[in-house]
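For the sequence shown, position 437 matches number 437 in the UniProt record's numbering, and the numbering has no gaps at all.
No lab work stands behind these hints: they were computed from the structure. Just to be clear, a hint being listed does not mean it is correct.
[Unchecked claim] Restricting the straight-line Cα-Cα distance to at most 25 Å, the calculated cross-link-like pairs of lysine to aspartate or glutamate (DMTMM-like) are:
(1) Lys622 - Glu639
(2) Lys369 - Asp474
(3) Lys424 - Asp378
(4) Lys165 - Asp261
(5) Lys84 - Asp201
(6) Lys79 - Asp136
[What the hints assert, rightly or not] Beta-carbon label-pair distances, calculated as ranges:
(7) Cys221 - Ala123: 20 to 26 Å
(8) Ala123 - Met307: 46 to 52 Å
(9) Ser646 - Ser292: 51 to 57 Å
(10) Ser161 - Gly124: 40 to 46 Å
Remember, predicted model here, so these are calculated numbers, not experimental data. Note that the Cβ used here is the ideal one computed from N, Cα and C, for glycine as well.
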Amino acid sequence: MAKVSRSSLHFSVDVGSARPWEHVFVTGSIPSLGLWDPNKAVQLSPDPNAQGRWIGAVDVGSEPVHFRYFTGYYLDSGKEGCTKELIVSKWETFLHPRSILPAIESASGVCHAHVTDTFGHNAGKEQLRDGWLMGDNQNEILLRLHGTPFKFYKSRHANRSYRVKVTPFDLRVKEAGSADDDDLDDGQEPYVPPALPSFSDSSLAILSWLNLKILSSDNPCYRDQPENGEPFRVDRDYFVFKTISVAVEFLGFRVELFVNDDESENTTNSYKRFAISYALPSTMPGTFGIASLPLLAKSNRPIGQIMVDYLFIQSLKQPVPPQTMRVTYGKHWKKRQTLEVGHRGMGNSYTKMAAGRENTIHSLNSAAKNGADYVEFDVQLTKDKIAVIFHDFHVLVNVAKRKPHHLGSESQNDYHELAVKDLKLKQLHLLHLEHYQAVNGVKKEGILKVTDSTEEADERMPFPTLVDALKQVDPSVGFNVEVKYPMMQKNGIHECENYFEHNTYIDIILRDVLVNAGDRRILFSSFDPDVCTILAAKQHIYPVLFLCNGLTTRYEPFVDLRASTSTAAVNFVASLDTLGVNFHSEDLLRDPSPLYRANKFGLVSFVWGDDLDSKENIAYFKKELLVDGIIYDRIGELEPRRNVFSVEREAKAALFRRTVSPAAPRTVSLSVEECPDSPSASDSSMSSSTTESPVQTPPSHRRTRHSVIEIYCPRV
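Take the sequences, apply the hints, and build the full model.
This is how it looks when you write it as structure tokens:
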């Protein structure tokens, strides 16, 4: 038996300014690199001869090695029986990881010894993303300030400008940075903190969308906080402070306000602390809410209050396949012709005319048969926590009267509005239901009821489960899964009060998708910014789009400022670093500038809305604005079309069926980024190329969608 040759594979990577507590790791496709499990990755060491460079080596055989670099740090909850947990700060998210062929590249038993990589850069691309919540104890905590968060008891304080800083701390540990700390002995045994902290520093994202041209720094991405905080502009700024913790029951936050005592100076030393407040576990019940915190002056005298929104994002608790660093599609998008998406399958059927009932297996399969690239549908939970496909939060339930002739009514039935969340799946399938906007159950011409009086095939019935759709709908069509979650509207009406807790709700939907999606292309989307944030924090496999109404006269606007305008939506998505924005057609037809801003950040742009009932508007978005996707009703009815992924797959198969001379390679022109035989172009993968910031050409602001390149393909 031939002896397998071994060699020493060397790693060298320039990371730049890693923080003092961060480490650099490499993980990959072989056991010595952890088989893509970040917890089993190889930790590199700082190169003593080059600042910012990290080095290491492992013993490998002759098989190809694929790998990625990432940065991370450790947190320790300090609780008995718990060990330190790895937090991924940034990781390389190229669709195709770095590759080495030791059998070819090895010389004298050494491989890759004189090569230095650059973190986040490979093959002419740059792509880094934040990590996801991996461990059971890991939580991402968001504190938000917006609108008019300060309320002072004296009016003279309300007219001043303040800088804000938020600092996390462990309640078990004496706060080193607090001037209000004391040395009094509480009579208890002293707590000996672990060598590692239980929380990360807080980073800050500033989402500003008013008077953008006058901003000195138009950057909504997360960054470190200055020593004396950032200036907060009342009714203009939206501050988001982000922290990771593995011991949230002991996590507190110190909120400090700074003022400039000497207006003739504007230096760091000229800002002094004016007031302080503390957010403690007792002031933040649950995982979501608004905390009213007392503001204390230097003398510890109350001088006002500060309102802080909070959101605790927990790691995914449902049993799902382990998420590794082998592949991610969270920010990948192949630039091609505009994708066409079937709205609720073949279209809205409860308030508009349609041939079949919306959001059913039949409607989704009909859209797939008509050539839809994706189908869009709405998902929410029933009372027994089963993910079903249905658009509205409420339905009208048909209830027969006990003695109709005594009640002075012409009808023997009454309709009562109930929330879908208050009905079990079996009840939804058994009860006679009507759309919540129906008047006295009267059926309008061409408008379908939620349930019919006649027997129907299962595939035409409303309330199919998400799992049924994943298993029964044509696998060639992608799914745009809109995760429903009720929000407060500006008219004071909440879409559906007393709803499910965010984490539990989203975990169930994610479980159904991660377990049953197979090779299907998946996009998540939601109108709720917090839902988008949670989806991105809990998993990295599938991309997330933020749905927005923008400035509209058709729908009641939401209170959440992140959803108030299309520009606000772009800033929010840029800070979240997810795939893109799903714009409302009404807003972009009036002003397409938010789309250009999305292009600046390299975001993918979809569009939805009733305006897309018009062929002219569809053509405008496809040919003039060059959006990446459009969502509309009755797809394929007026003009026949074919699923673009099926067309690409057939073109690839035809290309490889051709006979080529073995003497020379052939040259083909393709408007794709890789050779058709690459894994990213296969039927089993999602769209592959990296989302890049397109070049804008005034005044049309058009993007160049295709670049014809010469690719040498070997003979099959």
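Cross-check of the supplied hints:
Using a Cα cut-off of 25 Å, the hinted pair Lys622 and Glu639 holds, with the two alpha carbons roughly 15 Å apart. This hinted pair checks out: Lys369 and Asp474 have alpha carbons roughly 8 Å apart, not beyond 25 Å. Of the pairs offered as hints, the one joining Lys424 and Asp378 holds, with about 17 Å between alpha carbons and a cut-off of 25 Å not exceeded. For the proposed pair Lys165 and Asp261, the alpha carbon gap of about 17 Å is at most 25 Å, so the pair holds.
At roughly 17 Å between alpha-carbon atoms, Lys84 and Asp201 fall within 25 Å of each other, so this suggested pair holds. Distance check on the hinted pair: Lys79 and Asp136 sit about 14 Å apart at the alpha-carbon level, within 25 Å; holds. Against the hinted window of 20 to 26 Å, the Cβ-Cβ separation of Cys221 and Ala123 comes to about 24 Å, which satisfies the hint. Checked against the hint of 46 to 52 Å, the pair Ala123 and Met307 passes, with Cβ atoms roughly 48 Å apart.
Between Ser646 and Ser292 the beta carbons are some 56 Å apart, a value that agrees with the proposed interval 51 to 57 Å. A hinted range of 40 to 46 Å holds for the C-beta pair Ser161 and Gly124, which are about 45 Å apart.
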